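Asks: Residue numbers (the numbering used here), protein chains in the order written: chain A, 1 to 400; chain B, 1001 to 1306; chain C, 2001 to 2389.
The hints are simulated quantities; they were obtained by calculation from the structure and are not laboratory data. Computed from a predicted model, the values in this text were never measured in an experiment. Take the hints with a grain of salt, since some may be wrong.
[To be verified] Pairs of lysine-lysine, DSS-like flavour, derived with a Cα cap of 30 Å:
1) C:Lys2282 <-> A:Lys357
2) C:Lys2067 <-> C:Lys2329
3) C:Lys2329 <-> A:Lys41
4) A:Lys41 <-> C:Lys2027
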Amino acid sequence: MQPNLISRIPVLCRLSESALSLVAGLLGALLTTGFAIWFLKAENEYVIGFLVALAVAVTLSVSRLGGLDHVGRAFKEHEKLMNGAAVCGVLALAAVFREDHFTLLMISIVLLYMLAGLGLTIQFGYLGLVNLSGASFLGVGAYTSAVLLAHTAVPPLLVLVSGGVMSALVGCLLVLPVLRTKGHYSAVVTIAFAILFMSFLQVNDTLGGPQGLATGEMALFGWGFNTGVELENGFYASFYLNYLLLALTLLVIAFALVKRLERSWIGLSMDAVRLDETAAACYGLSIARWKVVGFTLGNFLIGMAGALYAMMLGFIAPANFSFGDSLILVSIVLLGGIGNPWGLAVAAAIVVILPEKLQMIQEYRFLLFAGLVVLVLLFRPDGLLPRGMRTYIPGGGARS
Amino acid sequence: MDIGLLGQYVINGLMLGMMYALVAVGFTLFFGVLNVIQFSHGDVLMVGSFVGYTAILALAAIGIDNPVIELLGALLASVGVVALLGALIARYLVLPLRSSPPLNTLLITLMLGTVLRESVRLFFPDGSNPKRFPALLPDTAFTFGNFTLRVDSLMLLIAGLLLIVALHFVINRTRLGLAIRAVAQDEETAMTMGINFRLVVLLTFAIGSGVAAFAGVMNGLYYNEINFGSGLLLGVIGFAAAIIGGLGSIYGAILGGFLFAALQTIGSVALPFASAYKDVFAFAVVIMLMAWRPTGLIAERTSERV
Amino acid sequence: MKLSGMKTVVGMTTMVFALGAGAAQAKDTVEVAFIGPLSGGVAANGLGGRNSAELAVELRNQDPDSKYHYELLVLDDECKPNIGVQVATKAAADRDVIAAVTHYCSAVAMATVDVYHRFKLPAVVWGAVLPDVTYGNEYPEVHRVNGTMINQNETAAKFMTEQGYKKWVVIHDTTDYGKGHNEYFSKFVAENGGEILETFGVSSDQQDFTAELTQAKALEPDVIYFGGLSPLGVRLRRQMEKLGVEAQFEGTSGIVSDAYLEGLGDLAEGSMAFIEGAPIDKLPGGQFFQEQYEAAGYSDPAEAYGPFAFAAMDLVLDTIEEVGPDRGKVLDALGDTEGKDSIVGDITFDEHGQNVVALITKYVAQDGEWVVWEDSEYASGQRSLVNVQ
Chain A
1 MQPNLISRIP
11 VLCRLSESAL
21 SLVAGLLGAL
31 LTTGFAIWFL
41 KAENEYVIGF
51 LVALAVAVTL
61 SVSRLGGLDH
71 VGRAFKEHEK
81 LMNGAAVCGV
91 LALAAVFRED
101 HFTLLMISIV
111 LLYMLAGLGL
121 TIQFGYLGLV
131 NLSGASFLGV
141 GAYTSAVLLA
151 HTAVPPLLVL
161 VSGGVMSALV
171 GCLLVLPVLR
181 TKGHYSAVVT
191 IAFAILFMSF
201 LQVNDTLGGP
211 QGLATGEMAL
221 FGWGFNTGVE
231 LENGFYASFY
241 LNYLLLALTL
251 LVIAFALVKR
261 LERSWIGLSM
271 DAVRLDETAA
281 ACYGLSIARW
291 KVVGFTLGNF
301 LIGMAGALYA
311 MMLGFIAPAN
321 FSFGDSLILV
331 SIVLLGGIGN
341 PWGLAVAAAI
351 VVILPEKLQM
361 IQEYRFLLFA
371 GLVVLVLLFR
381 PDGLLPRGMR
391 TYIPGGGARS
Chain B
1001 MDIGLLGQYV
1011 INGLMLGMMY
1021 ALVAVGFTLF
1031 FGVLNVIQFS
1041 HGDVLMVGSF
1051 VGYTAILALA
1061 AIGIDNPVIE
1071 LLGALLASVG
1081 VVALLGALIA
1091 RYLVLPLRSS
1101 PPLNTLLITL
1111 MLGTVLRESV
1121 RLFFPDGSNP
1131 KRFPALLPDT
1141 AFTFGNFTLR
1151 VDSLMLLIAG
1161 LLLIVALHFV
1171 INRTRLGLAI
1181 RAVAQDEETA
1191 MTMGINFRLV
1201 VLLTFAIGSG
1211 VAAFAGVMNG
1221 LYYNEINFGS
1231 GLLLGVIGFA
1241 AAIIGGLGSI
1251 YGAILGGFLF
1261 AALQTIGSVA
1271 LPFASAYKDV
1281 FAFAVVIMLM
1291 AWRPTGLIAE
1301 RTSERV
Chain C
2001 MKLSGMKTVV
2011 GMTTMVFALG
2021 AGAAQAKDTV
2031 EVAFIGPLSG
2041 GVAANGLGGR
2051 NSAELAVELR
2061 NQDPDSKYHY
2071 ELLVLDDECK
2081 PNIGVQVATK
2091 AAADRDVIAA
2101 VTHYCSAVAM
2111 ATVDVYHRFK
2121 LPAVVWGAVL
2131 PDVTYGNEYP
2141 EVHRVNGTMI
2151 NQNETAAKFM
2161 TEQGYKKWVV
2171 IHDTTDYGKG
2181 HNEYFSKFVA
2191 ENGGEILETF
2201 GVSSDQQDFT
2211 AELTQAKALE
2221 PDVIYFGGLS
2231 PLGVRLRRQM
2241 EKLGVEAQFE
2251 GTSGIVSDAY
2261 LEGLGDLAEG
2271 SMAFIEGAPI
2281 DKLPGGQFFQ
2291 EQYEAAGYSD
2301 PAEAYGPFAF
2311 AAMDLVLDTI
2321 EEVGPDRGKV
2331 LDALGDTEGK
2341 DSIVGDITFD
2351 EHGQNVVALI
2361 TKYVAQDGEW
2371 VVWEDSEYAS
2381 GQRSLVNVQ
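Turn these sequences into a full structure, and let the hints guide you.
Replies: Here is the structure:
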């Protein structure tokens, strides 16, 4: 009995460690949700300042104590559970703020930016393709949905998909220069495209010119999304809840897809292409093929996000899709930690909600925001949540 | 087309190209030594023009109104302050990020650009409105038909040319230039040869930013107007020019600058459709050029090392 | 600027203290919103509007006879439609906000009308000039105190042709502001028998106009018409001089600002521009506004549309005083506004909520100031515009 038990100690330890990290992970998810509710409700400038400081202090101290590693492990080892917890967190937010139009709108925007960020993650997280025209592809999707909803009877769900397809097709125009160039050279191709796209929208009157276009609403099975829910018993939910739930659904699907992709041989090939093209080619990988696949898939996701974004806002104009907005998308991906979809969640929330909460300081808020990003990059150069090592066998992290 | 008109377009284009070239040279210098893109370069130029402007105001406040002294004062202050700014950017923002992905440098300098821009807008007195930059150069003009040649434009063009020649001299004929070229070619070998890498990087950033400051003052003298927002687009164009010329080659950057100016001029003058499409045209050509020559017109001479 | 920041903070805290005091006097607090571009390229106009609206609220709070204590919620739309929709939703969905004074940029105003309608928030536009903001919809929520670019260009075209000008070159920025001005001005010039030789669209951050101006010069126009805002106007006028383009410079309401005059110095002399509304410094209310604005010590000037923001806010506050802090009642009362006295002249809303502006004021830059045409030495014949036939 005795020796047998001793031999089992490591197994027990591992189990308990794994359980510990699960607890840490769930606790983290719970705390984050609670914090998000508090932060979103805060209106007073001092409260907001205090909350930002609190978040920084707690994150720093927990990370000192190794707590973040546990959370990270939880995401790795109990992925399904943790994903579920994250979705529940968003749903809890949605339930708490169901009557609050503005907060729901902000959360939906965060979700859509995450969706677009996933597209960019495939492009430069996995493949190393720099895309500085993310907002332009968002714009292609948005304008596609505006035009289709106004002039055709295409069902809105199909419009969403067409937004993505259109964006992928427009991306094909750039495929040749993007394939042939590398690094900073391909950055300039996409920058040129971003500027070109916006000036084109501004001077082209058939697409509404600088004034922009009104966009129709999303509808599913005859249910118009621009109608809120009001029940007899006094239950009321803002119409933005519809958009939030749809955005969440799209995001979950895309997230599952991207995670699956990352783990599959496709993701492995993409990583190989990013890390060393020459070596990858030596092992018989077609560099061009993977770049085209990744670039197109990424643009598809961005375009779809754009299509829903347009329907939700109800109005789009060229100024929404400027080079500056592309940079905002890129900063989300970089701040989160390139290649880590979870980092996107944190970064998108910061980039979208923080400037809004800084409305108090009015004209000074951009200065402060830019300064904050500089500090984050200086002190966490790999982003807030860097991408972890690839686990070749799911759940195998504990064994290594 | 009438010859006078053509001449006018050429001289306008040259002036514009000189400005772009001086910005592009900075991008190329920084890329040479550190393989990074310093995206706030356009805003650094804008800061340069505001420093020059402040210097002129300060000189006027103490009663000096001799245009030559004012000009020299503006140039000295602007180049000095901005060279220091460039070195500080290198020291505190760019060098610490050496080990992280190159995109981070791009983002951090971009955000720095926003910080510079917003700071000037908020903290310079009435900074959100355009400022009138005093005309310090003689404003005599010669007119031949449709062609107007102004002495001040000509002087600026020559000054720009002289600066480029001086830069060429520094890079190719001095020990510092040798060190810069050595670091650009192979940083590790350069360090084993006893070159102080950090110092070279800081000096390169100082030189590149100084050139931008000079261009900023030039910009002010040419347009007689400066504003806080002028840096962003100038930075993007300078970057594009450096890229189409071929990063790392000073001559490529100059070529790229003039080429981009030519594209914009052709776009607004010679195209059959409205001139509003000129930016669409210029950037579309840039994309096509990149597809044709993926590493720029004057390609970097590097081979893939495995 | 640093001082102004301090001032805002001080202003905010005094407002908070005043709030405490107000509670003691049992005055209910009513919240109203101001939205405009506080950051980015047109921030100068947004800040001028913000200060003016703030001034209206502060003056009202100092008035012992007012029934309520007012609190101002200021939001920045960055002159971007998507951000505009966000902040408009924030203001409109907040039940405590009774009414809002909104938007300088037309594209933003266009994007947000649906939001105000959906949430039934009474909104009074203070700066956007695109006709469709009021005329493009049937929403009772949307009002506008300033006139549209239709009124402005009708007068401008008529007046300029009367001076004997025949040939124009139009340069406009490719934003909705510039494009709209180009559209209406070209239409009215044609109706008055003038000719547009060529039209150039330029981007709103363009620095160099030499290519366009060289072409314009070869066409030998009498007038260069510019549809755009001050920063671009300054550059364009300056470069006209550099290239020796000898034509009268005619702008739109966008250049009626101190920034234009300061940016150009002597070169501004003789520039023409038109703005909707009565000449502000001539009305008693206008002088009062200018005095108060100076006394408040704002470091940013009110700019051309500041008085409109003040008038819009004042109108909103008057209406709330009258019918009480209830969105529905305020909406009804606002719609019925007729012959209401304000610092920009009488305000009467038509069925679209558009102020029917009887008057367009013509301005000419003279000795570093915008002078009403009728009072200028240009009208009296002591000076003359360029190329007058």
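Asks: Okay, which hints does this one fail, numbers in order?
Replies: Those not satisfied come down to hint 1.
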